[in-house]
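Participant: Sequences listed follow chains A and B, in order.
Residue numbers for the first sequence follow our numbering, so the first one is 1 and each next one is one higher.
Residue numbers for the second sequence follow our numbering, so the first one is 391 and each next one is one higher.
Since the hints were derived computationally from the structure, they do not count as laboratory data.
Only a predicted model underlies this, so the values are computations on that prediction, with no experimental measurement involved.
Not one of these hints is a red herring.
Here are the computed distance ranges between Cβ atoms for each label pair: (1) A:Glu-161 - B:Gly-425: 46 to 52 Å; (2) A:Glu-257 - B:Asp-420: 33 to 39 Å; (3) A:Gly-248 - B:Asp-524: 34 to 40 Å; (4) A:Met-210 - B:Glu-516: 36 to 42 Å.
Note that beta-carbon positions come from the ideal geometry of N, C-alpha and C, so glycine has one too.
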Amino acid sequence: MATKKRDIVIAGYVETAIDFKTGRSAYDLAGEALAGLLAATGIEKDVIDGLAVTVPLSEAPNPFFAVYMTEALGLTPTWLNYGGTGGCSATGGVARAASAIRDGQCEVAIVLSADAPSTAWRAQYGAYRGEFQDPPGVQGPPASFGLLMSRYHHQYGIKTEALGKIAITQREHALHNANAYAKFKKPLTMEDYLQSRVIADPLRLLDCVMFCDGANAFLVTTPARARSLGITKMVYPTAYAEITNLNGNLPCPDITETGFSRIAPKVYRQSGLTPKDIRMFHPYDDFTIAVLMQFEDFGFCKRGQGSDFTLDTDLSHLGALPLNTGGGQISAGQPGLASGGLNLAEAVRQMFGEGAGRQVEEPRNALVTGIGVIPYARNWGTSAAMILEA
Amino acid sequence: MVEAKTAVETKVERPVPTPSIYVDTAPFWDGARNGKLVLQYCRDTGKFQHYPRPVSLYTGSRNLGWREVSGKGVIYACTVIRVMGPGLAGRLPLSLATIELDEEVRMLGNILGADPDGVAIGQRVEVTWDRLADEVPYPAFRLA
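Just chain B, with the same shape it has in the complex:
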């Protein structure tokens, strides 16, 4: 009973976002399901960009593709979320960081499995997988 209730609450609290709301993001979600961090990049310059855009941030062209990245990077900025909000039930205090991946692109992500107060700028991290409702994987990070 308790487990069932928890599962229901999880589903309510951390819903799986509808993909491809504003641009095609299917490769990100397909990659996540296979345990791979797949990000968008500009085929003209070879540079990555995140979140996904309708054009290359670098050239304005639509010559875009998707590629798996290493999932390794460094913490560029970090905070600890301490106040409740939608989707935060049971997650506080929550370590949140801006990760600068080795591929020279930044993404927001939670640092899991670490004391939030011990997370610091400059620490090396690698991708790990958080779970949204229905066990859908979502990228997060852990200290490397």
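Excised from the complex, chain A in its bound form:
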């Protein structure tokens, strides 16, 4: 085993409230996140010399959004990264910032994701979609995930109540999250779930996220630099791996095989941890099936046993494997492509001991993941995973 790296820390986090149709821009939400991060960490703005920005749906037509953001925020970074892997851009941004710091390109980086697609949807995917995806009626992720679920069910079987339990558990967590979208703050029952409208068989409305507006930001630096800035709370990202376009050279791959099955062994190897060592799990949750499949891919259970594992495991913040303790995107709201930062922010919050009514005991580590982009007739484009340790 390679020596575990403990030379970089996440030394601060911030998250705005998640809301629907705020009428605000990604810039304004990012400004709120920056100001909040400065307040939370006590650092001066001008010590920031590195910036990773996520491509937002709401400002997608501007190829210079990241540079515009430096102007908007009055930052002068010596390292600037523009993350285009959707829900992997936050964890990916932290990993890229770590590499840049190790390489001497910057010392104090922030990873900033802000998006407002429920106010202004401006993405235009182009490419093949007009000719080959739109005519059969595949207008968005639900149809693609309906197809994926049908195949998973065919090969392994889905117990509907397992997906319901994921939705219900996360909803219960969202009730304790001050940032969660207000309209989601009511308890969910299994009956509610089972009566939820099927929108792309077997996918139900309550299996899905809803686009909202919001932002989050993370401070990434070395432990020594963090201490010199007077910061005492920090967590170590000891493992990170990502993969994009799994089986990209195969015409007929098994679409129930995801990128996570490839990168899970890498993050366990880098951290020296095993699935039973993971204290809490913050998987990217655009759809409940993605959570269920990740239980399998990260070795919490065997392939095909995700339903039974879900039903047999206490996934609450007090349970054996706390799951998306802030409610995840499904119950807190998905802040556009700032989505990946939502799961990451909750993991850091828990490890800082700031989980309040949903605090996990002994939050010594966390596994956080990202999913980015829905491709043609497969599962998803990019898979990313990060392990944080105290």
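Given chain A, put chain B in place with the hints provided.
Facilitator: Using the frame of chain A, we list chain B on its own:
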């Protein structure tokens, strides 16, 4: 009057995509007009790929060609779209499937002429022709 209105709505709802937006796709559309499902393949390996790409997925070369396929295959995955969206007016519930053609390539397509709830993975299908605006044919499938 009613027919004219319907025709106008169809034109608005299911426009004919502009071909060759990102790579040359003319053979696909020319084939469709002649009732043939024509897909791109790699001349080096003989393998098909869909949607069309700027290079072979298998070798990275640009030694690509187009060939008619049988249009016969099996349903690999399937769903029923039940919520409205652009281009879906009058089509719900809509059966959507990932078809694995006998030539070992997959494509998304609607299953026409069948009860969407009766469509299942493993069923054999064959190509049929749906109509976009201006009667432009577009490949879909029916149970074989």
